[in-house]
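2 protein chains.
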Amino acid sequence: MAQQAKFVGLDVGGTTMKSAVVTDDGRPLSAPVVMDTNPERGQDEGLETMCETIRRAVAAANLTMNDVAAIGVATPGLMDIKAGLILDPPNLKPWKNVPVREHVARCFGKPTAYQNDANAAAYGEFWVGAASEAKSMVLFTLGTGVGGGIIIDDAIIEGEHSHGGELGHMRIAMPDTGRQCGCGARGCLEAYASATNVVRRAREDMAHWRGAPSKLRDYYTANDDEFTAKVIFRHAAEGDELALKVVDDTAYYLALGASAVIATVDPEVIVFGGGMVAAGEWFRSKIDVYVKRFGLPFPTRSVKIAFASLGSDAGFIGAAGCARLLVQKKA
Amino acid sequence: MAQQAKFVGLDVGGTTMKSAVVTDDGRPLSAPVVMDTNPERGQDEGLETMCETIRRAVAAANLTMNDVAAIGVATPGLMDIKAGLILDPPNLKPWKNVPVREHVARCFGKPTAYQNDANAAAYGEFWVGAASEAKSMVLFTLGTGVGGGIIIDDAIIEGEHSHGGELGHMRIAMPDTGRQCGCGARGCLEAYASATNVVRRAREDMAHWRGAPSKLRDYYTANDDEFTAKVIFRHAAEGDELALKVVDDTAYYLALGASAVIATVDPEVIVFGGGMVAAGEWFRSKIDVYVKRFGLPFPTRSVKIAFASLGSDAGFIGAAGCARLLVQKKA
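So the protein lines, in turn, are chains A and B. Mapped onto our numbering, the consecutive letters of the first sequence carry residue numbers 1 to 331. Mapped onto our numbering, the consecutive letters of the second sequence carry residue numbers 1 to 331.
Same shape as in the complex, but just chain A (with noise of 0.2 Å):
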């Protein structure tokens, strides 16, 4: 048998790339090369720095670049999958309008893959992670935003627009009634589940707190700057009802968007990742009730509730995955 194919991803973040060789069965060779994004110093040293990441990836796994059958480069949106380019980004300003997959492919020589980071993200589980035996999946991302990326038979669903899967704006209240989002409207996911919005909602839940005595509530008062979704979930997890609530009600609002996503592409498994899945099991299970409890009966029955298993590296493993795509399919 021929040796195994290899791919290099990338995961371009506002703060830092994250770029890695992974092999055809998903392993990636070594540890990722993480450089500075630095958007501010513009978008020509930009497009250098993701190729230099690139080649440090390369030799971290002892290869060269003929060793390399594709590339994949994920960015965060705004975007434009299809032609290749990033367009004005909230997270990389000042760019505008840059040529990220022509770029790279110029610069190696090799086909290059271009995708959104949170479809990138959503491919890896998809690939080699926790739904990895799965024929369709939904990822959810938890973190200072909510993401999200929608898989089906190994086609990423992109979108028309390039906003396929932006599954944090999805509305689960009506615009009337809705928290404000970010984004400028109500009733967002986004608004009600993003560590940010749990945080928000702790803060609300103790100026009315009636219940138990709260050690998050004295915390909070004492604390203030590190009061943290990471915080509420410790406490949480040590029988704070206080913090119980705000985690019950987190929950809740995310089995609102699951049983959205069922109603819409009905997938095989949703799987969330970021910063809160870290609590495990018992917040898993939370999720889990909420959704057989307020998802379509039939679909819900069966459907699966998992957890990501890629952690921070879901991103440049699916990246490399799309390289992979533009020769193969998934095994």
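Think of the hints as simulated: they come from the structure by calculation, not from any bench. One or more of the hints may lead you astray.
Any copy will do: because identical chains look the same in the list, a pair fits if it lies in one copy or spans two.
Said to hold, decoys possible - Straight-line alpha carbon distances no greater than 30 Å define the calculated BS3-like cross-link-like pairs of lysine-lysine that follow:
{"hint": "1", "residue 1": "K110", "residue 2": "K82"}
{"hint": "2", "residue 1": "K292", "residue 2": "K96"}
{"hint": "3", "residue 1": "K215", "residue 2": "K230"}
{"hint": "4", "residue 1": "K82", "residue 2": "K135"}
{"hint": "5", "residue 1": "K230", "residue 2": "K292"}
{"hint": "6", "residue 1": "K135", "residue 2": "K110"}
{"hint": "7", "residue 1": "K82", "residue 2": "K6"}
{"hint": "8", "residue 1": "K110", "residue 2": "K93"}
{"hint": "9", "residue 1": "K96", "residue 2": "K304"}
{"hint": "10", "residue 1": "K292", "residue 2": "K93"}
{"hint": "11", "residue 1": "K96", "residue 2": "K110"}
{"hint": "12", "residue 1": "K292", "residue 2": "K82"}
{"hint": "13", "residue 1": "K93", "residue 2": "K245"}
{"hint": "14", "residue 1": "K245", "residue 2": "K82"}
{"hint": "15", "residue 1": "K96", "residue 2": "K135"}
{"hint": "16", "residue 1": "K230", "residue 2": "K245"}
{"hint": "17", "residue 1": "K6", "residue 2": "K245"}
{"hint": "18", "residue 1": "K245", "residue 2": "K135"}
{"hint": "19", "residue 1": "K110", "residue 2": "K230"}
Got chain A sorted already, so can you dock chain B onto it with the hints?
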């Protein structure tokens, strides 16, 4: 050039089934043959009626079975699309686990496609109807219930449990405050925007109406049984303020549904079909205005909102299109 391939489409409903032969470019060769479904007579007779309807459609086109390349059958859910089975749909009682695809395929010895009826209607509109120029589309069907179908790059999103495109059961309001849906849940789009629920909302609005004198309100008082969505839309078209409010709210709710599919699959075109679209452009433009207000700005700027153009023929035309997909792709 060889003679153009021909396909039979059959659309099975709870009351009647309809079939016609359709050309390779989506043109029916006759008015559809219509036969009563009579589900109460049992599924064996039902299967025989399906075959008879197909036979008559072929005769109506002055053809023989030798002229037919493939057959497509669409039925309402619950169903198992991949297995070719009707499970136990509420409007086909007492049928259960009916092997539709296998029976029809054996009866005629032809390649036979099987699809959900709303998915088939969506594929019909995608193939040769309101979205024939599009690469991706979502259809909302507005009737007694609200159904739907999602088509991306010539593929129907069937879902892992045959529940893809069950768009009436996307939730547009929280379960605690949302309207009661026939499915048992609260807050589903269908609980707001089906013809049945348009009438229900109109009755509620009448009870609290403090606006201009309303002919609709007079009509309702005198003619309860004839009070339908059609009556409401006609009064709205004539300027009745109460009726206009009901229609405006309907457009608002439908736009919330549309904005949810923009954030999930981001289609090129969103099509609305069913009785209400007879209202025409003034209703379409109301929906359009709310979609522009509530959809994610970037994709919503260019998404098209259209009304279905195939009417009640969409189902059998789409079923024929699914038959055609067995052997070739959209031109």
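Checked against the structure, which of the hints given earlier come out wrong?
13, 14, 17, 18 and 19
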